[in-house]
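*Asks:* Sequence:
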Amino acid sequence: MDRRTFGPVPGLELLLARTDPALVSFELDAYWAYKAGQDPVRLFERLPGRFSLCHLKNGTAAPARTMVDVGAGVIGFRRLFELSSAAGLRYAFVEHDTPVDAPASVRASRDHLARLLGAA
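Add 858 to the 1-based position in the sequence shown for my numbering, that's all there is to it.
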């Protein structure tokens with residue numbers, strides 16, 4: 859998530875104000891929003907219907923906010939999924955930009971989400 863401003867207005871707020879929700883939805887990257895100081899859950903709560911896609915990544919607590927597997931960080935994915943319908947979420951993607959062991963990272967994230975969603 860880019861924290862750039864245009865005058866006093868954050869870029870995201872400018873895009874939201876100047877686009878029609880019936881025509882434009884956004885793709886949220888949970889980790890990069892968190893890294894930029896935003897709460898992905900709060901974004902889903904505040905902006906219903908605006909996020910059709912979401913990259914599921916996680917981060918450690920501030921100040922480091924280091925990227926980790928989905929189940930190993932502080933982002934509230936349970937609440938994110940509870941809000942997914944209202945947020946307009948259609949697809950979510952598990953990701954980790956710099957895993958030490960990519961297959962193990964995917965398995966750990968998949969297993970965490972399966973438990974979280976009651977599929978395990």
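Among the hints, a few may not be true.
Unchecked claim - Ranges of calculated distance between the beta carbons of each label pair, as one might list FRET restraints: (1) Leu911 x Val964: 13 to 23 Å; (2) Arg968 x Leu911: 33 to 43 Å; (3) Leu881 x Arg973: 14 to 24 Å; (4) Thr956 x Ala920: 10 to 20 Å; (5) Asp878 x Asp959: 36 to 46 Å; (6) Phe864 x Val958: 18 to 28 Å; (7) Arg936 x Leu911: 36 to 46 Å.
In short, the hints are calculated from the structure, not lab data.
In this text, a Cβ means the ideal position worked out from N, Cα and C, and glycines have one as well.
*Asks:* All hints are to be evaluated individually against the structure, with a verdict given for each.
*Replies:* Structure-based check of each hint:
Judged by the Cβ atoms, the range 13 to 23 Å given for Leu911 and Val964 holds: they are separated by roughly 19 Å. Checking the proposed 33 to 43 Å range against Arg968 and Leu911 shows it is violated: the Cβ atoms sit about 18 Å from each other. Taken as a hint, the range 14 to 24 Å is violated for the pair Leu881 and Arg973, whose Cβ atoms sit roughly 37 Å apart. Remark: the range hint 10 to 20 Å for Thr956 to Ala920 is upheld by a beta-carbon distance near 19 Å.
Taken as a hint, the range 36 to 46 Å holds for the pair Asp878 and Asp959, whose Cβ atoms sit roughly 43 Å apart. Judged by the Cβ atoms, the range 18 to 28 Å given for Phe864 and Val958 is violated: they are separated by roughly 38 Å. A hinted range of 36 to 46 Å is violated for the C-beta pair Arg936 and Leu911, which are about 19 Å apart.
The structure fails hints 2, 3, 6 and 7 (numbered hints given earlier, in ascending order).
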